[in-house]
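Please work from the sequences and hints to get the whole structure.
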Amino acid sequence: MSAVETHTGLSETEENAVARKNAILYAILQSINGAAAPVSIALGGIAGASMLGPDKSLATAPITGFNLGVALMAVPAAMLMKNIGRRYGFMTGALIGIFGMLLAVKAIYAQSFWLFALSLAMVGAANSFTQQYRFAAADRGTKKIKAKAISWVLIGGVAASVVGPQLILHTKDYLEPIPFAGAYLWAAGLFGLSLIVMQFLEPGHPPVSEAQRA
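Residue numbers (this note's numbering): 1278 to 1491.
To be clear, the hints were calculated from the coordinates, so they are not data collected in a lab.
Some clues are possibly wrong.
Said to hold, decoys possible - Per label pair, the in silico range of CB-to-CB distance:
1. Lys1333 / Leu1431: 34 to 42 Å
2. Gly1330 / Pro1353: 32 to 40 Å
3. Thr1369 / Ala1326: 25 to 33 Å
4. Ser1288 / Ser1389: 51 to 59 Å
Even for Gly, the Cβ is constructed at its ideal location relative to N, Cα and C.
So, in structure tokens, the structure goes:
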């Protein structure tokens, strides 16, 4: 069975080894970049409210911006990766995330509410790429490996739900006396760390139907 070649030219054993490696890396990436969502959502409303006057009715607009970014970028992210491959597509997403997080820091310092909302929309756009990890994990290997790979990435999502709140807890006052900015700065660092992890991904392109599946 292991001597049979796959469409990549590798034996099944070799192809499954690549699939396992990629799945582990995607799980790590999910735990790192997946933390952007809890950071953005948990702090978005609080930080937004701090930039408004007595009327706090728009306080959650930055969170809405995050969700819009996720929705609007879902199909473009899938199409981009179909054209340039997973690794470069995910690197593009990470760069968007870095810029969005740093823009959030600037917005908090400048007390610019709408700039902050825009920054979280960019982070949401980056999160669209993060949500593709589970699909990417199933690009390589046999059916049995694909199922395991997806479950590993989902476990990475559970880890992200722990990493995000802990990041907030320990870094929100990092740039005192400006509250909350530190968490966004460190979140930018997580996106930067993910760029290093992505260098170890084995090249692969998503299926043609990925745009519809997203």
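Cross-check of the supplied hints:
| no. | hint | verdict |
| --- | --- | --- |
| 1 | Lys1333 / Leu1431: 34 to 42 Å | holds, 36 Å |
| 2 | Gly1330 / Pro1353: 32 to 40 Å | holds, 36 Å |
| 3 | Thr1369 / Ala1326: 25 to 33 Å | holds, 32 Å |
| 4 | Ser1288 / Ser1389: 51 to 59 Å | holds, 56 Å |
Checked against the numbered hints above, the structure breaks none of them.
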